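Kindly produce the complete structure, drawing on both the sequences and the hints.
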Amino acid sequence: MHLTGYFLQRLLRGLVTFWFAVTVTFFLVRLLPGDPVSAVASPSMTEEIRQRQLEVYGLDRPLLAQYFAYLGQLVQGNLGISFLSSQPVSKILMERLPWTLLLTGTALVVTVLLGIPLGVLAATRARGWVDQIVQVSGVIGQSLFVPSIGIFLLYTLGLLAGWFPIGGAVKSDLTGFARIASIAHHLVLPCLTLVMAQLAGYVLTLRATLIEALGEEYCDLARAKGTPESKVIWKHALRNALLPTTTLIGLQIGFLVGGAVLTETIYAYPGVGRAIFEAVGQLDFPVLQGAFVLLAATVVIANLVTDMAYGLLDPRVRAG
Amino acid sequence: MTPAAPVAASAGTTPAAGGLLAPADLTPGRRTWRAFSRNPLGMISLAIILVMAVVAIAAPLLAKFPSGYGRDILMPPSAAHPFGTDDLGRDVLAQVIWGTRISMIIAFAASFLAILIGVALGVLAAYAKRLDGIVSTLVDVSLALPVLPLMILVAALIGPSVTTLVVVIALFSWPEVTRIVRSQALSVTRLPYVDAARTIGGSHFWIMTRHILPAVAPIIVVSVVLTASRAVLSEAGLSFLGLGDPESWSWGKILYNAQRSGALTIAWWCTLFPSIAILLLVVSATLVSIAYNDARNPKTREN
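Chains as they are written, first to last, in the UniProt record's numbering: chain X, 1 to 320; chain P, 1 to 303.
Since the hints were made in silico from the structure, they are not lab data. One should not assume that every hint holds.
[Unchecked claim] Just so you have them, the derived chain X footprint on chain P, three or more residues with Cβ under 8 Å:
1. 145 to 159
2. 236 to 250
3. 253 to 267
[As the list claims (entries may be wrong)] Pairs of lysine-lysine, DSBU-like flavour, derived with a Cα cap of 35 Å:
4. P:Lys-299 <-> X:Lys-225
5. X:Lys-225 <-> X:Lys-235
6. X:Lys-231 <-> P:Lys-299
7. P:Lys-129 <-> X:Lys-235
8. X:Lys-91 <-> X:Lys-171
9. P:Lys-299 <-> P:Lys-129
Treat the numbers as computed from the prediction; the structure is a model and nothing was measured. Glycine included, C-beta positions come from ideal geometry on N, C-alpha and C.
Given below as structure tokens:
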């Protein structure tokens, strides 16, 4: 019962967040200096052509009317027309989205799979030298600039060692298993870049919460009953320590998406991020706006999923 | 920041050397500084930041503004060019020096603006219950969104310049500050002395600025440092995507040039040195804030 209420509340919050994102970008785009009118219609045009141009893009109507028209179009999955390629923005971006989802999804899974054992290692050897190394590298890891990591990996593992391709997402004219292998091969360096960028946050959070959990009374009780320490850590303490980590996933997804934009730029990875980089160079505002709206929707949905997972994992939420 | 706090705490191994002096005679500020100055990591980090600040201020004396074309193209580091040269033969060391100037100016201006907005809204939300709902929702919603794509959109709309970068970074950095300041200020507004101030008829403005603000000041110090270090990364990110000021050098722009010209795959020195500069500044800022937190906290002060 309480769970349904919790889910509904989260869903509402997700919808408000998405509405906010859409509204803010709409008015920013219309009110800031580089507005769409000057992008599609220059003062040097004759009044007649200018007017027709504005009508084509619906820019001659009052701002609020444009806003509701935009919302209406958005509900139908229409994100406007690219200034440059004259193709629908949604078509351009939907071709790119699967690559970004593949990249960020893989990076997230790998980060969590690496972060849990590392966090356990640091927490169970608290104050020891392993812990010191983990903590110092944690601080450095959280301070890394994503393109710096990307360029470093590209240069060392891609160019010097030659182990991995340094650009693109897949070799063309491949089918079946060879194609999947090629996709995986191209994914390694961009994925590793994102993993290195966010691993530290997970390890440090898990370390702190696990140390706290291991000092709790239920762990002492388990030990008193003769439970082996490894079982106390992995079965009792870790389960509880993973809850804040689940929350962290939700908080970090926005950062992960930002990192993907930078990473895709370096590796010419054909995702939404690379589309953003290309649109910046050509001042293609509808694509930039659409990309943000699409990424905001992705983040909101991902947040909903982690919230739901949290609700299912935490009995306190279930019981209200 | 908090999960990493023990690093500095356990690294500051110096025993209580000043044990003979009664600590009670010192003001809290001096006590914090004494504890801070005993933390080697914190002091080294502070020194690095100060050196970088000097480099930023003295940039015109240290190197000629990198412009035009040079004859030595893509030369590896040598005596004449310690950091090598880029694809147009410009000295990378000079670029990094001038980049320090812009990167630090933008980081500090943006963090100053973000702190102003963030602290004002944070204190206001904690004090005025009616505004709390709106501000908190606004903060939650902004923190849930992917900030970089939004910054890119706005920076592209306004057009790239140093001012644009400052405004855009500040515009999307204040929610984090508000979140931290609000939660701290909330606990302060419940304390009896705030009620006392209200009872003697103090105005809301006076209570907020003279009684609540000083109580959250330490949090603000930490926020300034962390917001500035995050601003360094945001500036570098935007410049790397081609949204840097076309007239000036920043660390992100050096990387952008290397990426655009393809020097990235030939000349490691074009990207390594600006990357190190970014890392040094951000790590130092993080360590300074951790050391400051430890020094301020009586539990970790090891007295």
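Evaluation of the provided hints:
1. Beta-carbon proximity to chain X at under 8 Å applies to 13 residues in the stretch 145 to 159 of chain P; the threshold of 3 is reached and the given coverage holds.
2. Only when three residues or more bring their CB closer than 8 Å to a CB of chain X does the claim for the stretch 236 to 250 of chain P stand; here the count is 6, and the claim holds.
3. Remark: the stretch 253 to 267 of chain P is confirmed as covered by chain X, as 5 of its residues place a Cβ nearer than 8 Å to a Cβ of that chain, reaching the required three.
4. A C-alpha spacing of about 33 Å is found between P:Lys-299 and X:Lys-225, which places the hinted pair at or below 35 Å, so the restraint holds.
5. With a CA separation close to 14 Å, the supplied pair X:Lys-225 and X:Lys-235 stays within the 35 Å bound.
6. Annotation: proposed proximity of X:Lys-231 to P:Lys-299 holds, straight-line Cα distance about 32 Å (limit 35 Å).
7. Simply put, P:Lys-129 and X:Lys-235 have alpha-carbon atoms about 43 Å apart, too far for the 35 Å limit, and the pair is violated.
8. With a C-alpha separation of about 22 Å, the suggested pairing of X:Lys-91 with X:Lys-171 holds against the 35 Å cut-off.
9. Proximity of P:Lys-299 to P:Lys-129 is assessed by CA-CA distance (about 33 Å); at most 35 Å being required, the pair is judged to hold.
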